[in-house]
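Residue numbers (the working numbering), protein chains in the order written: chain A, 1 to 461; chain B, 1001 to 1315.
Note that these hints are calculated values from the structure, not bench results.
Among the clues, some could well be false.
To give a feel for the contact side, a few chain A residues facing chain B, derived at Cβ under 8 Å [what the hints assert, rightly or not]:
1. His107
2. Thr109
3. Gln119
If you anchor each label on the Cβ, the simulated ranges turn out as follows [claimed, not checked]:
4. Lys163/A - Ser1067/B: 24 to 32 Å
5. Asn437/A - Ala1310/B: 40 to 48 Å
6. Ala1081/B - Gly393/A: 24 to 32 Å
7. Ala1200/B - Ala378/A: 49 to 57 Å
8. Ala87/A - Ala1034/B: 56 to 64 Å
9. Glu440/A - Phe1095/B: 48 to 56 Å
10. Asn441/A - Leu1103/B: 49 to 57 Å
To list a few chain A residues with every Cβ distance to chain B over 12 Å, as calculated [stated by the list, open to error]:
11. Leu80
12. Gly97
13. Thr99
14. Asp148
15. Thr155
16. Glu214
17. Gly224
18. Arg255
19. Arg262
20. Asp320
21. Pro332
22. Asn410
23. Asp443
From a predicted model like this one, the values you see are computed outputs, not experimental measurements.
We treat Cβ as the ideally placed atom computed from N, Cα and C, and that holds for glycine.
Next come the chains, spelled out residue by residue.
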Amino acid sequence: MAKSETPNESGGPRITRRSLIKGAAAGGGLLVMPSLLAACGDDAADTTTTAAAGATETTEAAMALAGTTVSVGSNASDELTKNAYGAMFSRFEEISGATLDINTVDHNTFQEQINTYLQGQPQEVFTWFAGYRMQFFADKGLATPITDVWDASLTSNYKPGFKQASTGLDGEQYFVPFITYPWALFYRKSVWEENGYTVPTTMDEWVAVCQAMEADGMVPIAFGDLDGWPAMGTFDYFNMRVNGYQYHVDLMAHREKWDDPRTKEVFAAWKDMLPYHQPGALGRTWQEAAQTCAAGDAGMYLLGMFVGEQFQEYSQEARDDLDFFAFPEINPDFGQDSVDAPIDGFMLSKTAPDNIEGAKALAAFIGTGEAQDYYTAANSNWLATADDADTSGYTSLQNKALELIGSVDNIAQFLDRDTRPDFASTVVLPSIQDWLNDPENIDGITASMEEQAEAIFATDQ
Amino acid sequence: MSASTTEIAASEKPATKRKSRFSLHTRRDKVMLALLLGIPAAIHIFFVWVPALLSVVLSFARWDGISDIRWVGVQNYEQIATIYPPFWPAVAHNFIWLGFFLLIATPFGMFLAVQLDKELAGSRFYQNAFYLPVVLSLALVGFIWQLIYSPDEGLINNLIGRTDPENLIDWLGNPSINLYMILIAASWRHVGYVMILYLAGLKSVDPSLKEAAAIDGATDRQTFFKVVFPVLRPINLVILVITIIESLRAFDIVYVTNGGTNGLELLSTAVTNNIIGEASRIGFGSAIAVILLVLSLGIIIPYLFRTFRAEAKEA
């Protein structure tokens, strides 16, 4: 009855046989492409490492792609993102000589139809997310590996955590990280300074700050979970602080059990902190929760850095006043060694071999700081992922976020990106909401989650 | 009429060869009839019944939309009934929805229509005011009412001064009341819809009927229930069917509010949450869809049968 509609994306112009041969003939030049593309950057921010490459090869590689077309499926549907992507794509066309055929689809529609899209005639390069969601499609044979692009240029330009997040179950790389942002506890500096609160790094300190805030008539922790997903971030952090990153990964893959005492401990730790959370969370959107924090009615708010949009909306002053701290330590074995930092990027679809040279050249270009700068210059709530990105224009908040991501051992992708999406949305999301209505019922909720997890993950066998 | 019947009867007696010559329909007529009936029928079968039947077939399978389909018998149904927590609330909520619409929203819409039919001063204004929500999509209605129900910034809590963390009323987040809050929002639109349909019906009632009733000494109440209401039987039927359909297909307003969780579970959102998106549980979602289909048919078919039989008897 209610089937998802088949996507309406056009396949994009076919590549002629001649252009394919031309592309293949230039295969040798390809592997040096990425660094050369980086060297082409006009602001030459951090390109010293690649400056030695010969100029003749640039033109050779560029000529090989001239006249070919690479198709791109993009979910960058909002104005700001679309323009930033557009600028980046034109730059690629300029230096490679290839033409990009870009098809932009509404962000949510793209996500909802990804399944049928990738099985039909997808564009050669498409926007997607790192982690389990990438691995899933790679595992189903719907993506083309780009390990050679990583070996040629990306590995040296990324922190190991990013490479790990781009690697499929078979050990090959399938993903180019583009932009990211961390989840953390956001607050208004001035509010904290006025009241003399200090940034907590342990549970005890955190509780002390919360109690001080309550005494000052403030809601300590803003909380909004009408849409269900924001609480997943809270769960992630309690889980990674109590049981560590590896347990998070294993639980998400259902190698650990939801009714395990360690999982229950996560809920128990969260329950202790619930009294400090804003009541009525299940009827409040994250935007409204962010507004209460921007207004100074709530002391802090656990969310992704995109919370800055809401502070901006509240007032420029609030936006400039925005700061964050990492989720406090619970179990000293793990300290604060993990961060939730979802990565958006690009993958090559199964149709990429149609113009594999062009698609890989684009992938390599996306993995340069030059490409990513186009985005971060337009939206200061995100960070570039490549090492050679230009961070000179970063706000202090961006720099701090960069530092946070760079300083931890483990980068998680957020609950719904680290597990089967159908499990996250149909089981974890409503279960956490049910639990928030009845925090005493940890045993009942975890038992039900485990039952459903067994049923869903059994499909994999 | 009778002449043509005898003609046909007469034509059937002689050799079959001559039969077509005396048929009421020429060959052309028959071809046209076949086309005009055949094409819509084919479209209907292809776009309605084939997918519906495929859903039934898929409900016995386990399929993520990519890998091979695995047949698992009634396992999906078993899991839905036993370990899928949203299911029973969803069934209950669909029936509550139906009950609320049938007993409260629809009668209220009819009541408004009757009042407006009396040509009160400013009735045109009221008519527009009540009808206005109908031109909005239910998704939009959902957004509008979120502004009213929001715990901190919402209209109601601010009017009654319940925005403090200690005393705020969580209209949309409290699972014991949020369904009724959504039903009020959905009724806001449904009432206008029913009102306008019924008003159109009321205008078509012959005024002399009401006059006659008044002369016979009937009160307003008696006039409506004994005279007007029975005369409007066809309209009543339309409104009833619309109410049932609107209740069973309820989806948009809940989906934009919270996606159909936490007290707002419906069968339609359960289907969507399982089927739409990545790595879908297509078999599982199809099984819920089949349950919804069976429930819908179970409610609608007996009713239509009874009504049309009664109608045929009267005719």
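A quick look at each hint next to the structure:
1. His107: Check failed: Cβ of His107/A comes no nearer than 13 Å to chain B, outside 8 Å.
2. Thr109: violated (10 Å)
3. Gln119: holds (6 Å)
4. Lys163/A - Ser1067/B: 24 to 32 Å: The hint (24 to 32 Å, Cβ to Cβ) holds, given that Lys163/A and Ser1067/B are roughly 28 Å apart.
5. Asn437/A - Ala1310/B: 40 to 48 Å: Because 47 Å falls inside the window, the suggested range holds.
6. Ala1081/B - Gly393/A: 24 to 32 Å: violated (57 Å)
7. Ala1200/B - Ala378/A: 49 to 57 Å: For Ala1200/B and Ala378/A the Cβ distance comes to about 53 Å; the hint holds.
8. Ala87/A - Ala1034/B: 56 to 64 Å: Given range 56 to 64 Å: holds, Cβ gap about 59 Å.
9. Glu440/A - Phe1095/B: 48 to 56 Å: violated (30 Å)
10. Asn441/A - Leu1103/B: 49 to 57 Å: This hint is violated: roughly 34 Å between Cβ atoms.
11. Leu80: holds (22 Å)
12. Gly97: holds (35 Å)
13. Thr99: holds (30 Å)
14. Asp148: holds (26 Å)
15. Thr155: Correct as stated: the minimum Cβ-Cβ distance to chain B is 28 Å, above 12 Å.
16. Glu214: Nearest chain B Cβ is 10 Å from Glu214/A, so the label is violated.
17. Gly224: About 9 Å separates Gly224/A from the closest Cβ of chain B, which leaves it inside 12 Å; violated.
18. Arg255: holds (18 Å)
19. Arg262: Check passes; 22 Å lies beyond 12 Å.
20. Asp320: Correct as stated: the minimum Cβ-Cβ distance to chain B is 23 Å, above 12 Å.
21. Pro332: holds (33 Å)
22. Asn410: holds (24 Å)
23. Asp443: Label holds. Min Cβ-Cβ 15 Å, cutoff 12 Å.
When each numbered hint is compared with the structure, violations occur for hints 1, 2, 6, 9, 10, 16, 17.
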